[in-house]
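Required output: the full structure, derived from the provided sequences and hints.
Residue 1 is where the sequence shown starts when you use my numbering, and the numbers rise one by one after that.
Treat the hints with care, since some could be wrong.
[Said to hold, decoys possible] Calculated lysine-lysine pairs in the DSBU-like style (CA-CA distance at most 35 Å, straight line): (1) Lys394 to Lys344; (2) Lys323 to Lys477; (3) Lys477 to Lys450.
These aren't lab readings, by the way, just hints derived from the structure by calculation. What you are looking at is a predicted structure, and each value in this text was computed from that prediction instead of being measured.
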Amino acid sequence: MKRFALILLSLFAVHSAFAQNEERAARLQTVMVPEFIEEAQAAGMDHAYQGGWEFFVGGGGASFDCNGDDMPDIALAGGTEPAALYINDGEPGGALHFSQGSLGLDDRLSRNVLGVYSLDIDADGNFDLVLLRLGENIVLRGLGQCTFERAERAWNIDGGRDWTTAFAAEWEHGQTYPTLAFGDYVDRTAPGSPWGTCSDNYLIRPDAGTSTPVYADAEALSPGYCALSMLFSDWNRSGEAALRIANDRQYYRGGEEQMWKIEPGRLPRLYRRADGWAHLSIWGMGITAADLNSDGLPEYALTSMGDTKLQTLDDPGDTTYPKYVDIALEKGVTAAQPYTGPDKLPSTGWHSEFADFNNDGRLDLFIAKGNVEAMSDFAAFDPDNLLLQTIDGKFVESGDMAGIALPTNGRGAIVEDFNRDGMLDLLVVNRKADVSLFRNLGQRTDWGHKPLGNWIEIDVRDQGGNIHAVGARLLVKVGTMSMSRTIYVGGGHASGHAGSVHIGLGLLDRGTVRVQWPDGSWSHDYRFLANQHIVIERGAEDVAYKLTE
Numbered sequence: 001m002k003r004f005a006l007i008l009l010s011l012f013a014v015h016s017a018f019a020q021n022e023e024r025a026a027r028l029q030t031v032m033v034p035e036f037i038e039e040a041q042a043a044g045m046d047h048a049y050q051g052g053w054e055f056f057v058g059g060g061g062a063s064f065d066c067n068g069d070d071m072p073d074i075a076l077a078g079g080t081e082p083a084a085l086y087i088n089d090g091e092p093g094g095a096l097h098f099s100q101g102s103l104g105l106d107d108r109l110s111r112n113v114l115g116v117y118s119l120d121i122d123a124d125g126n127f128d129l130v131l132l133r134l135g136e137n138i139v140l141r142g143l144g145q146c147t148f149e150r151a152e153r154a155w156n157i158d159g160g161r162d163w164t165t166a167f168a169a170e171w172e173h174g175q176t177y178p179t180l181a182f183g184d185y186v187d188r189t190a191p192g193s194p195w196g197t198c199s200d201n202y203l204i205r206p207d208a209g210t211s212t213p214v215y216a217d218a219e220a221l222s223p224g225y226c227a228l229s230m231l232f233s234d235w236n237r238s239g240e241a242a243l244r245i246a247n248d249r250q251y252y253r254g255g256e257e258q259m260w261k262i263e264p265g266r267l268p269r270l271y272r273r274a275d276g277w278a279h280l281s282i283w284g285m286g287i288t289a290a291d292l293n294s295d296g297l298p299e300y301a302l303t304s305m306g307d308t309k310l311q312t313l314d315d316p317g318d319t320t321y322p323k324y325v326d327i328a329l330e331k332g333v334t335a336a337q338p339y340t341g342p343d344k345l346p347s348t349g350w351h352s353e354f355a356d357f358n359n360d361g362r363l364d365l366f367i368a369k370g371n372v373e374a375m376s377d378f379a380a381f382d383p384d385n386l387l388l389q390t391i392d393g394k395f396v397e398s399g400d401m402a403g404i405a406l407p408t409n410g411r412g413a414i415v416e417d418f419n420r421d422g423m424l425d426l427l428v429v430n431r432k433a434d435v436s437l438f439r440n441l442g443q444r445t446d447w448g449h450k451p452l453g454n455w456i457e458i459d460v461r462d463q464g465g466n467i468h469a470v471g472a473r474l475l476v477k478v479g480t481m482s483m484s485r486t487i488y489v490g491g492g493h494a495s496g497h498a499g500s501v502h503i504g505l506g507l508l509d510r511g512t513v514r515v516q517w518p519d520g521s522w523s524h525d526y527r528f529l530a531n532q533h534i535v536i537e538r539g540a541e542d543v544a545y546k547l548t549e
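Take a look at the structure:
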């Protein structure tokens, strides 16, 4: 009898898997699946994230334009290998190509880098870099033409001596310079490390009224629960961004995912159950936010060892309390196991990012996947996810069809249109392996590839210190579709993007965009034509079109 029952269970599992595959195949017929080709070596990019147990977390990079040619350049963490700068010298619309530059650091300081984020801290028009390290963090001031100098001493930023694995930034109201948040992992000096020894996180605010950035002493965000990602986000449309933190290792000290209330001139305050914050304890790895239904309120995708969470406010009509519910199963983004290959153990998710990979006007979700090291209870072959959103608001896995299901251990990632052809490409930083650089070829057909839907890429320019309008929200309307995007610095896992906002438009060739500036005020409607790179300057009457030569 027992043997018969086991046979029935096995047959049921096979039938269930077959039914799921049939459903997935049917859903994939309803979306355009982009095809990617991996060309890191051909593009001149020879870089790997290496290191022992202290580098099983991290492994990130940042894209930004460091020489003003409108082609995104790349900085990459190397772990025990030197961090690297790659300058984009490819042809617009063509194959990807990069040449190696220099971050201007000596060999010792260029090592032990876990993550990289880019933003313009001093409002001089050049992107600066924040390097998260095992040991002292480094801030590099961009000088133009892809040259940098160290800025911690000049800006009074204490790089610390921690194991820093997360970063985010925002401009609080009235600030010329950004507030910086650093997330730390395990306190390596504590007795019993690494078990039960999470470090505090820190908030660093600029002094007011200075002509250059000058930062005050760091404010501890305690307790810390081993942060692996953080993001400033205006969760309730109040005009003030809270700091969300995805935390690892909560299982041994009662920790949880966190959100801090950040108000100008006040000490940070942790949201608690009395505020409506619901306890959630996962092995949090990455976080990303997007307004999936254009109601002005962000949803959050949280990766972990196991399933992915997709959180939305329980009652969007009541933004008094940050009470979130998980809709990952409903939307088809749990991504709890590998979707291809023989390994059916739980997945390990790291970098997460919403983006429109097929230009149909709907945000998709990318998740970098990879076993922590050699954990036998988790999948060894754990390919990255490319979850495409379908017309009903649910998502369907396409990673294998898209060509990104490689046998690598992903960590951080960069989603970027590297060759400015209007289709998003993808870079994945892999653990103890070369980076993967995927060029988006478009949709495969019987006669080759055809471009995906129409698109627009928007650079936003604000006045004052927040030149790139971090925190601004863009509302794009094309036909009957409305799309919302917010400009962030932070999130993902140890990786960031600075520059143009990419928006797919489907089949429509024109539309309008309004900007809600970081101070809460709105622009008028700007009209635009599709398949262009445009600039919106605050106060300008019309958009400016720019051509990439």
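Here is how each hint holds up against the structure:
1. Lys394 to Lys344: Within the cut-off at roughly 23 Å; holds.
2. Lys323 to Lys477: Holds - the C-alpha atoms of Lys477 and Lys323 are around 30 Å apart, at most 35 Å.
3. Lys477 to Lys450: The given pair, whose Cα atoms are some 25 Å apart, holds under the 35 Å limit.
Violated hints: none; the structure is consistent with every hint.
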